[in-house]
Amino acid sequence: MTRSRIRVGVIFGGRSGEHEVSLRSAKSVIDAMDPSRYDIVPIAITKSGKWLASSDATQLLPEAVVDRGDTEVAIFGDPTHGDLVRIDTGAGSGSVARLDVIFPVLHGTFGEDGTIQGLLELASIPYVGSGVLGSAAGMDKIAMKMLFRDAGLPIVPFIHFTRTQWEADRETVLDRVDAELVYPVFAKPANLGSSVGIAKAVDRTSLVAAIDEAARFDRRLVVEQGIDAREIEVAVLGNDAPSASVPGEIIPHADFYDYNTKYVNEVAEYAIPAPLDAPTTELIRDLAVRAFQSIDAAGLGRVDFFVERGTGTVYVNEINTMPGFTKISMYPKLWEATGLAYGPLIDRLIELAFDRHRETARSERSVG
955 MTRSRIRVGV IFGGRSGEHE VSLRSAKSVI DAMDPSRYDI VPIAITKSGK
1005 WLASSDATQL LPEAVVDRGD TEVAIFGDPT HGDLVRIDTG AGSGSVARLD
1055 VIFPVLHGTF GEDGTIQGLL ELASIPYVGS GVLGSAAGMD KIAMKMLFRD
1105 AGLPIVPFIH FTRTQWEADR ETVLDRVDAE LVYPVFAKPA NLGSSVGIAK
1155 AVDRTSLVAA IDEAARFDRR LVVEQGIDAR EIEVAVLGND APSASVPGEI
1205 IPHADFYDYN TKYVNEVAEY AIPAPLDAPT TELIRDLAVR AFQSIDAAGL
1255 GRVDFFVERG TGTVYVNEIN TMPGFTKISM YPKLWEATGL AYGPLIDRLI
1305 ELAFDRHRET ARSERSVG
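Read in order, the letters of the sequence shown are residues 955 to 1322 in this note's numbering.
Think of the hints as simulated: they come from the structure by calculation, not from any bench.
All of these numbers come straight from a predicted model, not from anything done at the bench.
There could be a bad hint or two in this list.
Claimed, not checked - Mimicking EDC-like on lysine to aspartate or glutamate, the simulated pairs with C-alpha atoms at most 16 Å apart in a straight line are:
1) K1154 / D1166
2) K1287 / E1223
3) K1154 / E1121
4) K1001 / E1026
5) K1001 / E974
6) K1154 / D1182
7) K1287 / D1250
8) K1287 / E1203
9) K1001 / D985
10) K1004 / E1026
Could you put the whole structure together from the sequences, leaning on the hints where they help?
Right, here's the structure in full:
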């Protein structure tokens, strides 16, 4: 790179139920980036999937994710370019910007699930966060839990099934829940984050409504055991040798830590560091790193835990490979409490993106 500043494409919005969360995260990330160090190229994806490049970064959110005649753009899977390319016919075609690295601040489907990561791999552009495997496994709660279980990590009991199975034979699914789990239980879409589509069920009747709600958002569904537990989160940072932050505790002041509690009502409280004894703290930090490694995550991840009240038993709940970066997000708060401020955290994530790209490039792609 001959330019004095690193050109960072920040992609946000997207075709996801977490579109609005992405907007908030992206604004926080862009606001925190040092303009003397980075040349920021905002790239918006509308809810319909159209890619737009705003000509004025000050007109970012939310205007840039609405079709106002902005330049339509795309990244093609051509490793000889790595450009953000103009595709709207009115202004003609051609390169908008040569991108050094991408920060895909996308949450949920079509962004955090390995799809955009696959495109960036084809284009051979460094990017922040996990690769195709880590992103896909981290997004799919069924695959994630299977990998956790194979790695010997403690998880709560669960069952899984498809939406077509549910629609074809509800009674069989309900009978499985009754036989294998104990109420209360939680029904969840397998591929969605920010607690979208999650509902609690306390009996067979409410379970029907809970599964129907989850089925609105995905074709793969999970019902897992509910436990009376404290909710603990740990931020993980790194590639092949990651490190864990201090744990933090979520105090939701609601039945559970759902989407409205997180992003709408903002009534949750946080205890950072979490009031845990030293052995439990170290156990959770160790499990966070192991969970991160078990799905081949990279760059960043937030690992969520349950600590059962009464017994103190620790369970790994899930990992988020692109956790929120809003003003109330736990991931940056946890690293700040551990000694890494928000701006330097962004710098480190971009460094890790370049590091991982170089490591991947060492692999031979042909034989002979």
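We went through each hint and held it up to the structure:
With a CA separation close to 12 Å, the supplied pair K1154 and D1166 stays within the 16 Å bound. For the hint linking K1287 to E1223, the alpha-carbon distance of about 12 Å falls within 16 Å, and the restraint holds. The hinted pair formed by K1154 and E1121 fails the criterion: a straight-line CA distance of about 20 Å is larger than 16 Å. Annotation: proposed proximity of K1001 to E1026 holds, straight-line Cα distance about 14 Å (limit 16 Å).
Of the pairs offered as hints, the one joining K1001 and E974 holds, with about 10 Å between alpha carbons and a cut-off of 16 Å not exceeded. At most 16 Å may separate the alpha-carbon atoms for a hinted pair to count; K1154 and D1182 meet this at roughly 13 Å. Among the hinted pairs, K1287 with D1250 is inconsistent with the structure: their alpha-carbon atoms are about 24 Å apart, more than 16 Å. Annotation: proposed proximity of K1287 to E1203 holds, straight-line Cα distance about 11 Å (limit 16 Å).
Annotation: proposed proximity of K1001 to D985 is violated, straight-line Cα distance about 23 Å (limit 16 Å). With a CA separation close to 7 Å, the supplied pair K1004 and E1026 stays within the 16 Å bound.
Checked against the numbered hints listed earlier, the structure breaks hints 3, 7, 9; every other hint is satisfied.
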